[in-house]
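The residues making up each chain are set out below.
Number of protein chains: 2
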Amino acid sequence: MSDNAVIGKSVKRQDLLAKVTGDAKYVADMQLPGLLYARSKRSTIAHALIRRIDTSRALALPGVKAVLTHENVPRVLHAGSPHPRSASVTCDQYILDDKVRYWGETVAVVAATSEEIAEAALDLIEVEYEPLPAVFTTEDAAREGAPLIHEREPGGNLVLPPVKVSRGDIERGFAEADLIIEGEYEGGRPTPAYMEPNACMCQWDGNGNLTVWISTQTAFMVRGIMAEVLGLPLHKVRVLVDHMGGGFGAKQDLFQSEFLCALLAKQTRRPVRMEYTREETFLGGRTRHPAKIWLKQGFKRDGTLVARQARVVFNSGAYGSHGPGVTIVGTTAMTSLYRCENVDLEGRCFYTNSPIAGAFRGYGVVQTYYAIDIQMDEAAHKLGMDPAELKLKNAVRDGDIAPSGHALIGHGLEDCIRRGMQEVGWAALRQRARDAGVLRRGWGMGCEMHGSSAYPGIKEQGNAIVKMNEDGTVVLLTGTAGLGTGAHTALAQIVAEELGLRFESVSVTHGDTDVVPWDIGAFASHTTYLGGKAAQLAAAEIKRQLFERAADLLEAAPKDLESVQGVIRVRGSDRSISVRDAVAPRKGVPAAQFVGSATYHPTKSYSFAAHFVEVEVDTETGQITVRQVVPVHEIGKVIHPIAAAGQIEGGIQQGIGHTLYEDYQIDLKTGRSLNANFVDYKMPLSMDMPPIRTVILETAPDPGGPFGAKGVGEDPIVAIGPAIANAVYDAIGVRFRHYPIKPEQVLQALREQRAAATAPSKEGVAA
Amino acid sequence: MSDNAVIGKSVKRQDLLAKVTGDAKYVADMQLPGLLYARSKRSTIAHALIRRIDTSRALALPGVKAVLTHENVPRVLHAGSPHPRSASVTCDQYILDDKVRYWGETVAVVAATSEEIAEAALDLIEVEYEPLPAVFTTEDAAREGAPLIHEREPGGNLVLPPVKVSRGDIERGFAEADLIIEGEYEGGRPTPAYMEPNACMCQWDGNGNLTVWISTQTAFMVRGIMAEVLGLPLHKVRVLVDHMGGGFGAKQDLFQSEFLCALLAKQTRRPVRMEYTREETFLGGRTRHPAKIWLKQGFKRDGTLVARQARVVFNSGAYGSHGPGVTIVGTTAMTSLYRCENVDLEGRCFYTNSPIAGAFRGYGVVQTYYAIDIQMDEAAHKLGMDPAELKLKNAVRDGDIAPSGHALIGHGLEDCIRRGMQEVGWAALRQRARDAGVLRRGWGMGCEMHGSSAYPGIKEQGNAIVKMNEDGTVVLLTGTAGLGTGAHTALAQIVAEELGLRFESVSVTHGDTDVVPWDIGAFASHTTYLGGKAAQLAAAEIKRQLFERAADLLEAAPKDLESVQGVIRVRGSDRSISVRDAVAPRKGVPAAQFVGSATYHPTKSYSFAAHFVEVEVDTETGQITVRQVVPVHEIGKVIHPIAAAGQIEGGIQQGIGHTLYEDYQIDLKTGRSLNANFVDYKMPLSMDMPPIRTVILETAPDPGGPFGAKGVGEDPIVAIGPAIANAVYDAIGVRFRHYPIKPEQVLQALREQRAAATAPSKEGVAA
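Heads up: the sequence lines are chains A and B, in that order.
Per this note's numbering, residue 1 is the first one in the first sequence, and the count goes up by one each step.
Per this note's numbering, residue 1 is the first one in the second sequence, and the count goes up by one each step.
If you are wondering where the hints come from, they were derived from the structure by calculation, not from laboratory data.
These numbers come from a predicted model, not from an experiment.
Watch out, some of these pointers could steer you wrong.
With the Cβ distance kept under 8 Å, some of the chain B side facing chain A (calculated, not the full set) [said to hold, decoys possible]:
#, residue
1, A18
2, L234
3, S507
4, V595
Pair by pair, the computed Cβ-Cβ distance ranges are [said to hold, decoys possible]:
#, chain 1, residue 1, chain 2, residue 2, range
5, B, D581, A, P161, 26 to 34 Å
6, B, N207, A, D574, 30 to 38 Å
7, A, Q31, B, P62, 21 to 29 Å
8, A, E555, B, P147, 49 to 57 Å
9, B, P703, A, K587, 27 to 35 Å
10, A, P33, B, E119, 22 to 30 Å
11, A, V76, B, D581, 18 to 26 Å
12, A, E555, B, E144, 46 to 54 Å
13, B, V564, A, V76, 29 to 37 Å
14, B, V564, A, R143, 54 to 62 Å
15, A, N72, B, S686, 53 to 61 Å
16, B, V564, A, L32, 37 to 45 Å
17, B, E548, A, T113, 29 to 37 Å
18, B, D29, A, T625, 54 to 62 Å
Yeah, the Cβ is synthetic: ideal placement off N, Cα and C, and Gly gets one too.
Sequences are here, hints too, so could you generate the full structure?
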């Protein structure tokens, strides 16, 4: 990092003081004169037609200003298609419908002068349902003659046609194998549980322009879909995003509430704010896709992986949302991580009358790599190999084709595995005596790779504008969102580094679609990679102008100049001038102000990680405790070490939660939500966290990223899960193939293990 | 206009609905949680030292949160100079001082939880003054041994060293003259009287960033000076300007209140708003510079102007503000309008203990052209010539050197005079019999020229960014301010025309220094000329990108394309595509978003006008009534005819006010303000306005302006004054050489005229 003055340093985050002083404003903090408060009435049945909906008593309540139901909101179709257009990117959801498809779906909204009145009015809305048969599991949804949740292509309850990926010759692969392992894996229904519940506020002005304040990762997508649904050109919709309390992917969706908020504001001619309760973040939010994966792999005696076959099934819930993307990305990811010439994969995604699954950190890959990495561990044991050595042997490397279809750069995965083995003394750990008492410890490891801007088939684009003020300070205008990750600080570092300014001389303007250049949104771990590179290129354009001016003053050629920490020097001489003086006015020449803009079409990049985990299993309570984690990440050039480490630690915390505790449950008879609150939905808190010794490698910088940087946002949530499951196997000899792994399941498995011990031919494997 | 689809059309102004519905928010409409209200205590003496100032009783009043006086505000010097830095661009004013220099100067400010409490607290502040001798007129200020108002170079009470302009040989000029006329002319003290009183609101965030909401013409200047005075880098000061209720030049200054508002907000850690009362817009605002001009010109018998000599004296009041600029521009302007080879001019500007004069529509030229154009009329009568013919003969023309030092383009002034003569049937009017009764009518005419971006010696710069959204609509980001003139509508027209879009497809983002590119400010009639050209160039950059993409689709070369009203065509073929479709996503290619930016260094341009006026003088009451005005303006390409005509009508209304009614008066013994309110300060209202038949010529478009457009903002206030004075002479034979011309002066002059009629050798000329 010695060559860089600003990047690679953990500078003070630009949003730090605002956040610790409580000065930072979130949408729910905002006030406008005449503001109305909106609340949603939600269905108490999972699948039904609405026979009658009577809002007259609600409307009669003093303070109630408007009530919307499916009867008085527009029924909008997506341009040129027969499909409804509103929240779901899959185009299968009306703003409000005369049918409900899951328990908790919005059937009406109220705007009133206080939240209390709005809440009271919900009870006065009478809804008469005609129940329909409901399905909650993908098995039931896939069954011949199952109740149809939508009338859509490709027919049945499939969200999209099956995703099929095939390479090489799967039959020959298995024929060559000395060992074939087959297993069924299952992922539960964790939710993102962001600190800041979804919130939006809408206001129309006298010219028919709509302003939307919203907590979203994708302001320009919100603008685009809002404009389409409301029939407005894009420049009449302004979307404003300031501080956000997390998103984790789920806030790259729309949620009906934005449209309803806008329509309420239009009807009442007053600003309207709609904030989810915590319960509604479950009912109206997005979960990870519950998944079932059948996986079969073939290995040669020396560990070489020769065949991989998988059938993946995702449960999309009542609407499609990101089901297509998750199915494509999650399935395609199985072509990689461990190289395999013969691959045969199929991914399917079904509608059910369950809560809506959507985009969520790890986007399909969490589920499929969980299966792969547990099966690799199992294979190693069966082959009598060290699991880490088996993974190292098969790890993808430079030139291999990534899931995106591009060639990988570098050997990041191998580096991560090797460094992790060294950090924890892996070889010695393998040789140690195993615990035999009540508390048993075990070590496991898991791997992952994750792309930045790497969605197959999508040509992405990053944009940035940089303005240099007449005192040499600069403003970066970026459309990237700050979910709370410190992304804008990293972007400011990149601009400062490129221009040779001090970090404090750069400020960032973001979150206003009227003023910042278009942005695809903050997801796919690409904010630093894509938005950062665009910012670097825009800064370079300013630098060109700045050096031209400075060259005159220094009597040098622009190409001979360099700038560091606010001073421009002629290389190899003692001539220099501060940036401030270079732009200052001089006799006959006014102060300079420069504007630079850049558009960047990224290459695809991949980051890598190997997580090494120690767990302790209490064989009397079934409790699994993660004792320590050593995550090793290869993410190219690191811009802000503490922020990158923070991403890794946060991902591990979330991953521990998903693997051991978190599961949003519904009653499988009625579809009723069972734990839509933070009392019954368990998450690890900061006091529950084990020590984490994060190692960040910069061994495979990506030429497509700013100064070689790659993404890190999603990576850490992927490998922690199988690492824990593998460590549990190491501790107690029980192979779990699902998450979350709950104490009662551990106890049950241990009971079965003891029973099996009496029948020596049977292996200790739990369902 | 037939070649243009959008410019040259009076499209519906973008701010129209917001303004007529009351939806438009001005600074005084804005609310923030915890807002405090600030009020100013003002001096009751014109020149004094503050011996003691006691704020303890005010601070003890419940609800008062802070009181600032000279004792607890920083005493800031301008970087590298011994002079104070705050409001006055002349660097002669502290934020608050221990000396007061005019009656009504701020000596303390209070921030409280309501305006009423803040107002009440003012009375509780005790100030003890030590009076100093005061001067109110420039004669007194210039006198040897006069009390010094500032201790400054160049010494005495001069604001700047005398401005001297000399061309040719003035002695030889007068020697060649057949007629020499000499006279003294005097201009009063009109004020801009904008509808929206000055207002600002300041808030600091947890990171020490300052946001300023303000009604200003020069947001970036406010940012720069605020940053300097408060010791902040520019990117930590954000200045926001939305709607404005007029400025007329005066709001290109700062007013102490911004600094005080910011300091109060910093001290109280709460947002603070300070709004002037109407009275304070007089006391703390800016007036036109009262002026005294001695002018002597020599003519040949055939009317050729051969010599012009002038001594101009401006009264700056207590601080310098724009005194230097007004003196330079007003004096230099006398080199032109009517061509003259031998010129000798001197302009001086004095401090007095009077209200502060500043920038005001017509900026020094109103005063000096009043003198010239009345003396030209007098010369014509003495030479036995038609005044219009005399002016036509001497009018500046193509290639003549303008006051800015550049060569003039075209023959706009001649065109205006000729067309006006034709419009009113001037020749016949000259021949008509004169009224002899109580009500006497007369016709007069006056001329003017005014520069856009034409300050001598200043290299100006316009900037713009244009973003095209993925549906083909665009947003213009401009730093130009909208004083209420419709300037942003004109800029949107220019962008639409350049890009070949419909007007409705363009929106404008402005008034936020964090997001828009730097702008010099809205003054000097250059918003359309300079800001408009920058917008055109930025749009052209987008067009280049758009045509590249469209060319692929239309299988044509970009150079063969043209776009009109949202459709791109291949010239000479029937192939076309809508802009919307051209940017829309296609298989494998995402939707396009383009960003273009431009910086423009303008040439200097001049607009021209001749005003023809009919007045009626009531010889019994002395009342002068303007019966009709025919203004003829040559302003290059007209972008928005109604808005341009609106500027002209408004300028004429303001000019009638200044010539006949408006004069902000002070008591010449104490300096006390006498008519700082709209009851005693008289202005013509809409019902007082005569018919105006505006003629706009486009005969001399300027290649430096967008589509050839030039400025129009300041022009109409200049020529109306001398036209009225000349018409009064035509009506009653009395020559007035000052403004405002009041009924009692008319009556007095008529009495003198009747007395002089008994002594036939004396001419009918008033003082």
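Taking the hints in turn, this is what the structure says about them:
1. A18: holds, 4 Å
2. L234: Because about 4 Å separates L234/B from the closest Cβ in chain A, which is inside the 8 Å limit, the hint holds.
3. S507: Where the cut-off is 8 Å and the nearest Cβ of chain A is about 4 Å from S507/B, the hint holds.
4. V595: holds, 4 Å
5. D581/B - P161/A: 26 to 34 Å: holds, 28 Å
6. N207/B - D574/A: 30 to 38 Å: holds, 36 Å
7. Q31/A - P62/B: 21 to 29 Å: holds, 25 Å
8. E555/A - P147/B: 49 to 57 Å: Cβ of E555/A to Cβ of P147/B: about 51 Å, so the range 49 to 57 Å holds.
9. P703/B - K587/A: 27 to 35 Å: holds, 28 Å
10. P33/A - E119/B: 22 to 30 Å: Given range 22 to 30 Å: holds, Cβ gap about 24 Å.
11. V76/A - D581/B: 18 to 26 Å: At 21 Å between Cβs, range holds.
12. E555/A - E144/B: 46 to 54 Å: Once the Cβ atoms are compared, 51 Å apart, the range 46 to 54 Å for E144/B and E555/A holds.
13. V564/B - V76/A: 29 to 37 Å: At 31 Å between Cβs, range holds.
14. V564/B - R143/A: 54 to 62 Å: Given a distance of about 59 Å, which is inside 54 to 62 Å, the answer is holds.
15. N72/A - S686/B: 53 to 61 Å: violated, 44 Å
16. V564/B - L32/A: 37 to 45 Å: holds, 40 Å
17. E548/B - T113/A: 29 to 37 Å: For T113/A against E548/B, whose Cβ atoms are near 53 Å apart, the range 29 to 37 Å is violated.
18. D29/B - T625/A: 54 to 62 Å: Since the Cβ atoms of D29/B and T625/A sit about 59 Å apart, the hinted range of 54 to 62 Å holds.
Hint check: violations occur at hints 15, 17; the rest are consistent with the structure.
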